[in-house]
Amino acid sequence: MQKTVDVLIVGRGGGSMEDLWAFNEEIVARAIFESKIPVISGVGHETDFTIADFVADVRASTPSAAAEMVVQTRREFDKHVKNLQDALGEQMRYRILVLSRRVHELSARRGFRRPLDLLRQQRQRADELTSRVAMGLRARLEQLRKRFTAAHLQIIRFDFRMKIAALRLRLDKRSVELGTRAEWLLQKKRDRLERLALQLQERGPLKALERGYAIATDAAGNVLRSTEQVEIGDSVSIQLQRGKLISDVREKSN
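Taken in order, the sequence shown gives residues 977 to 1230; the numbers are from my numbering.
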């Protein structure tokens, strides 16, 4: 029955450059790079570097350090998983806070008061998206934790401590992928909100004032659209791009 391994250690004690030259050979570098099993390179001393160090998944300063990497305790691994989960959660909370502040800033501008409902809808969609992303991340982390727990039971039964190191390497890679995906989704939604903000600004009432138009309102602040809304002698307010005029109605015509 063929047995597989969870992690490979490529290592050798210290020596001269000639002694370590085998780890610079192309055939060795290609074999390490194309390996489907995670590879840890631990060649020579801390000051020694070979091509194998740069194509391996992880470089250890010495062979002893490489061995220590794959025999981490359960408590240390759980702590690492907890730190990753906390870091991802903190990053998501920070991104959501920044996005919410941006939406609030845009909604507070004068040009956005009339289309505020549309902006609220977009903000709600952004909140829903970030919630789904956060839930997805939590579910994925929980799934990884369950897989680790199942693997750990097997480790306890057969005393395969090296499986912990392999799972840790895979979790690190997957965590980076999930963080990159979440960042891309948040950036995409933020860009859409900014484009919407620019469109609303271009169509807002302030742009009409910049083109020479004016907004007339009666004494109660109602926008005037017809001469039937006022009587002779009424006072009206005319808003310009810069400043406001107050006048009395002396004559009406249709």
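One should not assume that every hint holds.
[As the list claims (entries may be wrong)] Straight-line C-alpha distance at most 25 Å; calculated DSS-like pairs for lysine-lysine:
id: 1; residue 1: K1122; residue 2: K1058
id: 2; residue 1: K1122; residue 2: K1149
id: 3; residue 1: K1149; residue 2: K1058
id: 4; residue 1: K1164; residue 2: K1012
By construction, these hints were calculated from the structure, which means they are not laboratory data. Nothing here was measured: the structure is a model prediction, and the numbers come from that model.
Against the structure, the hints come out as follows:
1. Under the criterion of a C-alpha separation no larger than 25 Å, the hint pairing K1122 with K1058 is consistent with the structure, at around 13 Å.
2. Proposed proximity of K1122 and K1149 is supported: the alpha carbons are some 17 Å apart, at most 25 Å.
3. Between K1149 and K1058, the direct Cα distance comes to roughly 15 Å. Compliance with the 25 Å bound is thereby established for this hinted pair.
4. For the hint pairing K1164 with K1012, the CA-to-CA distance comes to about 33 Å; that exceeds 25 Å, so the pair is violated.
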